[in-house]
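K.L.:
Take the given structure of chain A and dock chain B to it, following the hints.
2 protein chains.
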Amino acid sequence: MKFIHTSDWHIGRQLHNESLLDEQALMLQQIASLAAEHGVDALVVAGDIYDRAIPPANAVALLNRFLDTLLLELKIPVIMIAGNHDSHERLGFGARQMSGSGLHICGPLERHIKPVRIESDSGAALFYPIPYAEPAMVRQLFEVELSSHQDAMALLLDEVLGQDGDGLPKVVVAHCFLDGGSGSDSERPLSIGGADRIDPMLFSAFDYAALGHLHGPQFKGAPHVRYSGSPLKYSFSEQHQNKSVSLVELQAGQPAVIELLPLTPRRDVRIIEGYLQQLLEQAPTDPGREDYLMVRLLDTQALLDPMGKLRSHYPNVLHLERTGLMARQASGDVERDRVQKGELEMFSDFFGQVQGEPMSDAQRQLMTGLIEALHREESR
Amino acid sequence: MKFIHTSDWHIGRQLHNESLLDEQALMLQQIASLAAEHGVDALVVAGDIYDRAIPPANAVALLNRFLDTLLLELKIPVIMIAGNHDSHERLGFGARQMSGSGLHICGPLERHIKPVRIESDSGAALFYPIPYAEPAMVRQLFEVELSSHQDAMALLLDEVLGQDGDGLPKVVVAHCFLDGGSGSDSERPLSIGGADRIDPMLFSAFDYAALGHLHGPQFKGAPHVRYSGSPLKYSFSEQHQNKSVSLVELQAGQPAVIELLPLTPRRDVRIIEGYLQQLLEQAPTDPGREDYLMVRLLDTQALLDPMGKLRSHYPNVLHLERTGLMARQASGDVERDRVQKGELEMFSDFFGQVQGEPMSDAQRQLMTGLIEALHREESR
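Chains as they are written, first to last, in the UniProt record's numbering: chain A, 1 to 380; chain B, 1 to 380.
The shape of chain A in the complex, shown without the other chains (with noise of 0.2 Å):
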């Protein structure tokens, strides 16, 4: 029995205004191409399928031409529940007209958590399906007194563990923040200070626990009790991490093994830190010019059009941060070298970089002669 456990897909999502759909489609095509080269029995997507409740047309088209591809071509079934970020009852629509085919989408959660029962050539296994709930509606579901996080997975967990398996394997799919988790800057908390966190020990009696909603990829408590992270960096914060799908294989009586399979996005989302001049003098020969980049800059002094010029070489620059100015106003560091400085100075900065070269002299004097005049003008 194996499959490959992703999540966090986020489809129609936006970084910096730019739309990712493009980046997510060529995704969504390394995602199947590996579950067909590693001849997967299930694909697994715990939750945030989209990015918003009512997602673009176009992200459902291509979560459709997605599904059709594993389902119709390559016959590979697929479990995915709602997470924190999407629509219980639109993800739900016509769940139980699709099961048959083997497409198993998890909307609003039920009082019971049904197994979906996967097939394979070595045995099957049982996977249960919770999508994400606030404690208040496990509350109301289940008629109990309950508040936090914690005490509505273990309920649910209870439900499911109780269950009879036939002395299947057990795979949980969930989507939560586990105590002791990393976060990034691109997942929304399910609530303030903390209070969503839950003990990763409450999974650890199943074979495995496909888990969504931290976008890096990690375990905690156990290797088993994992979370695949996103598949594409959806921030600045994520520039380190490295994505992937996990392939997760089973044997009865057996631990999971576990094989991260790297992605490999068309553009990455990175961080560049530089002078100006240099950034733009390297550009030529970086071979990531089309990722997604934010700048930071390390000049003091004032620049013409910095954006323009990074994007000539750097077309997807997404954010400009003038960190060496910030570091400088921040002192007062600025002004004091502007009132020091001079016009002459000032305006000699703006020539080179208009021009490309430094006045020549007699350019020099001629300004020079325009400043004087201009003050005894003003002094009059």
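Treat the hints with care, as some may be off.
No copy is singled out in the list; a pair is fine if it fits within one copy or between any two copies.
Straight-line Cα separation of at most 35 Å, DSBU-like style, residue types lysine-lysine; simulated pairs [unchecked claim]:
| hint | residue 1 | residue 2 |
| --- | --- | --- |
| 1 | Lys75 | Lys309 |
| 2 | Lys114 | Lys170 |
| 3 | Lys114 | Lys75 |
| 4 | Lys75 | Lys170 |
| 5 | Lys114 | Lys309 |
| 6 | Lys2 | Lys309 |
| 7 | Lys2 | Lys170 |
Please keep in mind that the hints were generated in silico from the structure rather than gathered at the bench.
P.N.:
For chain B alone, kept in the frame of chain A given last:
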């Protein structure tokens, strides 16, 4: 081969800001009961499933429950197409995964219009679902020059009629405006100035044309080229329509046998007209007190809180028209009347409405004195 033809459910629609979801839920139950009672082999829904491209989540949940009933409990296949109100991509999500279980949803138009074959004890039939498509879309998809709805539909129907149907009866499902059809206030025009009209004879070669768009049940050209109409009245202009679904029976080589099965809403949608006092008096014996009402008041004088008074008997008055007042205003009567009547008469009217009885002589005298005093004050 027997099927029910319905259309224009507009799930999620409001009537004068009042949600109709409960009425729609009851209406869908009636349709399910009729389908079960008549032992039909299929249910056909000819577009405008939802009222909006992005329906509210509870509308999605309602349709989902209905489809579970039809497909899982009653085992009746459902064929539905997107209308001009639906988002084709959203409605069509997962369509290929659903078709195996008998749910055939046709979202975006495709170049090949694939028939749905429905089996029955008395023989099979082919259903050709054609989702609503703008002429521009047909032009692009088929790479031909055309600009009218008529030409677009003619091309699509040619495609369908050209297909080998194994001698089985052919049913087409489409969403369009047939030339000569009667509209009502609740349809959204497909285009301006009548350019959306289509010749009914285009459909005559089919054994049955299950059409959607117009909300009143009707046929054009021939009895088997038919609109089922909407199951509920979605505007007051439909007050005299008898809503129904069409029960269609097909036998090879025979004309379709069509029966209209009436639908009875929990609350009717109607207009009542009269004087306020008279309407309030007859209200207690009106069996339709819960109906959704437009009230036309013939009274010509000022009335105190007529909506409040009416709603104490008819809780679902949605709209009030002061027909009497408007007619007089139009002719300038009101202004003249107000001038002629004088302050005492106007106050006397007001007093009678608030107190429920006329002023006593003493009260009348007191008021006369007060008005005179005010006039003296005014003319100083």
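K.L.:
Next step is simple, just say for each hint if it's right about the structure.
P.N.:
Structure-based check of all given hints:
Taking CA atoms no more than 35 Å apart as the test, lysine 75 paired with lysine 309 passes in neither setting, with 49 Å inside one copy and 65 Å between copies. Taking identical chains as interchangeable, the C-alpha atoms of lysine 114 and lysine 170 lie at most 35 Å apart only when both belong to the same chain, with a minimum of 12 Å there against 41 Å between chains. Both within a single protomer and between protomers do lysine 114 and lysine 75 lie at most 35 Å apart by alpha-carbon distance, with minima of 22 Å and 22 Å respectively. Taking the shortest Cα distances, lysine 75 and lysine 170 sit within 35 Å of each other both inside one copy (22 Å) and across copies (32 Å).
Within a single copy, lysine 114 and lysine 309 get their C-alpha atoms no closer than 57 Å, and across copies no closer than 53 Å, so neither meets the 35 Å cut-off. Neither within a single protomer nor between protomers do lysine 2 and lysine 309 lie at most 35 Å apart by alpha-carbon distance, with minima of 49 Å and 70 Å respectively. With identical chains, the CA atoms of lysine 2 and lysine 170 are at most 35 Å apart within one copy only, with a shortest distance of 13 Å there and 46 Å across copies.
Hint compliance for this structure: hints 1, 5 and 6 are not met, and every other hint is.
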